Amino acid sequence: MLDLINVSYDTQIPNNVGLSSDKRVLKALEKWHPGYINWWSDLIPDNFQQSLVYLRTAVSVDPKGWAKFDYVKMPEYRWGILLAPQVEDRRIPCGEHAGQPAWQEVPGEYRNLLKRLIVIQGDTEPASVEQQRFLGLTAPSLYDMRNLFQVNVEEGRHLWAMVYLLQKYFGKDGREEADDLLRRSSGSEEAPRMLGAFNEETPDWLSFFMFTYFTDRDGKMQLESLAQSGFDPLSRTCRFMLTEEAHHMFVGETGVGRTIQRTCEVMNAHGITDPYDINKIRDLGVIDLPTIQKKLNLHYTLSLDLFGQEVSTNAANAFNAGIKGRYMESRIDDDHKLTNDTYTVWDLEDGKVVQKQVPALTAINMRLRDDYTRDAAGGVGRWNKIIEKAGIEFEMKLPHESFHRQIGVFAGHNFDPDGNPLSGADYDAKVNDWLPTHADGDFIQSLMKPVYEPGQYASWISPPKVGIDNKPGDFEYVKLHMA
Amino acid sequence: MAKIIDFQTDPSEYRHWRVDYNGDVANLIMDVDENGGLFDGYQLKLNSYDLGVDIELADIVQRMRFEHPEVKVVVMQSGKDKVFCAGANIRMLGGAEHAHKVNFCKFTNETRNTFEAAEKDSGQKYVAAVKGACAGGGYELALACNHIILTDDSNSAVALPEVPLLAVLPGTGGLTRVTDKRKVRRDLADVFCAMEEGVRGKRAQDWNLVDEVVPNSKFDATVAERAKEFAAATPSKAAKGITLNALKRDIAEDAVHYSLVEVALDRAGRKVTITLNGPDGDVPASVDDLVAQGDQSYLLRLARELDDAILHLRNNEKDLGLWVIRTQGDAEAVLAHEALLLANKDHWLANEILQYWKRVLKRVDVTSRSLVALVEHGSCFAGVLAELLWAVDRTYMMEDEFEGDNRPMAQITLSEANFGTYPMGNDLTRLETRFLGAPEQVTDLKSHIGEQIEAERAEDLGLVTYILDDIDWDDEIRIFMEERASFSPDAMTGMEANLRFAGPETMETRIFGRLTAWQNWIFQRPNAVGPDGALQRYGTGVRGDYNMQRV
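Keeping their order, the protein sequence lines are chains A and B.
The first sequence begins at 733 in the numbering used here and counts up one residue at a time.
The second sequence begins at 25 in the numbering used here and counts up one residue at a time.
With the rest of the complex left out, here is chain A (with noise of 0.2 Å):
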């Protein structure tokens, strides 16, 4: 274990901030850092802990070699703290002060707004390994288990990044904000995490699968818009983190691929052609596409909610002030301030869906959205090549906007996947067809069995086609403690 006594920060703490001479973090870290450990040994089931797990720890900003792979225990895995490298002259890009020189200190003017957007960020990356919480005990193999740990020490990691910034940079009050990262926690009646799609459990690993493609993406595209910040120590740490935040995506996407290509490959292996004709398909221990869509539908719509309001004051405020830009702000030709832009959002006339112009400064959030299902469309469109690789006649599809959504103008209001308004009527006939029902759930539990032996996988799900690190097929990702 580590030991807590004695912590060298320097060297238990992989950074590249100056740690050991920044007494104010350093004093700060000593506090929060037994917190932190407890809040990890409880969370991750114990014979987990006592495991070797063949992780990546990043331990330097170099993009040639900022990982090395060894295996390590997770209690003692190194959470660094790693900001991008400095750029040099680096501007605020966005908003009334663009052109300016990007803040190294936090502006006074803007604290608040900054220290919140800071902390909802650091509360869904400890909040997402507390929903996973129990998946290690049913790993269709020692590679997924790899990999849930690898996401679960990386989101970790996330929140020290968020943290540091807490502790560095807003004083007392930020001290007390990294102690609440700690008391919240998923689920929880007392003290819940912020957002509402992080207080879920992770139930089986195709959500996870589904919750790391859709959702992490949410936290991805938040983390974009965050590394165009004026103020640049949050810039550089959203940079860095996107670097891991890839493989979360990569987790996610081949994570469902590997299911559609099983259930692609068993299909024809007994001859199936028609994806619809579940209970066969299930019957022989592989989830049926239409299935996998529905849980599409739900993990995606959840993840849309999470960009809040389509027309946002706080999100305008948050863009003026030059602390979130857009996703890829540098690369968008246009004066950075949208004084007089407008921007297409979607609204609801006489229960019509009719897309209008708004003042794009408002739009911001809709703008982040949509280069989310830009971004989200990638993925579903490799799935879909699986699918048709394999002879099959399905398509998997992104639902429409307004379909299931509990947040924004669709809220309250009855649409089927391709925007069509229902009555509730129709819309209750038909949505056990667009979102996984109880019994839909009840089937792919039965499925969650764990496979601890290196190289074999589960029923419902392929081998990756390589492996980490370029490992053989074989390789013992994790090495189990068998208490």
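Note that these hints are calculated values from the structure, not bench results.
Just so you know, these numbers come straight off a predicted model, no measurement behind them.
Be a bit skeptical, because a hint or two may be false.
[Stated by the list, open to error] To give an idea of the interface, some chain A residues facing chain B are shown, with a C-beta separation under 7 Å as derived from the structure:
#1 Lys755
#2 Val838
#3 Gly840
#4 Glu841
#5 Arg843
#6 Lys847
#7 Gly903
Beta carbons are placed, not taken as given, at the ideal position from N, Cα and C, and that holds for glycine.
Given chain A's structure and the hints, the job is docking chain B onto it.
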């Protein structure tokens, strides 16, 4: 920058007033120089006044106390025929920007309060001898006196014609003093304040607008007689005062230097740092020694310099919305200087210095700037200077040692003076106001008099807002200041003025709160200040064009 308004003057520079000293009675004669306005564009006709006239009056009142302790009665009268004083100059008001009007009213209000309190605080009674028209600000001058004598020449009247004539309020305490001090029945006050021509003779006395009405033939004699009577009824304090010499002051581009006060201006950060330094000389051995030191004794010099700095910054540095108040020096020595005054408060000069501090601290209270005090290592917030900690909006205190800082540990020391010597306008001490909901806290604090209270203890006792250690200090302070400087100045002024004066209303708080706030609202409204408003149309024979909607 526009012309600097200087609040320092002396009798050799007066253009609008003169004083005849006759033993224990002084005759204060208002004789405004028409062409002596502070700014161009108006003439000070009919003894009307602008800020320059009031700066002289304030100087006279101050010197009366320190230079002429022998004076027991001050008779305020006019040097012109047929007019006592026509009030604030309307063309000046019509032409002034809003901020100037507000600052003008605040200063004139402070001056009125100052001579009004002279009877109680200094044994100097102000008597208004009113002959001729006494209107608006003119009557407000008289109202602030302790006794008003009006001649009954069937012509001289007292009046508050602002409402009917100018669509503004008698905002220099007029409305408030009529009801709160003179206790004029409110319906009669309503009649009085809505009439242009005012009230003459016996009715003025019946309504208690004046204390006595005297036949014109006997007016001068009665005034003199009354002055003698009042003087005779007041015990003597001293035969001779001290001299208030010109302050040592150097106004530079980004700083104002005094002997004990340093003012640093940060225009980019929109803030001012005011540093009060501890004593630079020995504590006077006795009150005789204090008198011998004259205007150089520590607490008097510091009060004068701080007072001038406040007025200078208020009027000449309006964009600097945050004042940071700090001290550096020997807290024990500050306490020793104060202790000498407290031990001799029956002595006229010791008393005057303490009373002066009361007034200066009140000036801080009503200053419309965000105020923050920093209790740093090496600071001397003790006794009278500790009052500043509770006059400001927030107080930050250094906790524990700071690397590379070998100044004495930051501490605060209370003295008995913190429990009654320097009441606020609401008649409570700053500590009583601070702990309005927990009076026992004030009682408890008394047991800590003389104790050197360090950060953690100060926080426990509720004396400071935040204590911050080496690690947090710089950043927290910087961020607070940046945030403060980014808020709307109007909202800040409003918020601070509301939060500072918890507790009971007094005439003083009603003047600075209720009356001033309404007046400043009216000063923004087109009915008064618009192109067709009353102030612009004044003198054209055409009434203001009013929007008749009641708001």
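Taking the hints in turn, this is what the structure says about them:
1. Lys755: Holds, because the Cβ-Cβ distance from lysine 755/A to chain B comes to roughly 6 Å (cut-off 7 Å).
2. Val838: Hint on valine 838/A: holds, closest Cβ of chain B at ~6 Å, below 7 Å.
3. Gly840: Glycine 840/A check passes; min Cβ-Cβ to chain B is 2 Å, inside 7 Å.
4. Glu841: Constraint on glutamate 841/A satisfied, holds at 4 Å.
5. Arg843: 5 Å, holds
6. Lys847: For lysine 847/A, the interface hint is violated, since the closest Cβ of chain B sits about 10 Å away, which is over 7 Å.
7. Gly903: The hint holds - glycine 903/A has a Cβ within 7 Å of chain B, the shortest such distance being about 5 Å.
When held up to the earlier numbered hints, the structure conflicts with hint 6 and nothing else.
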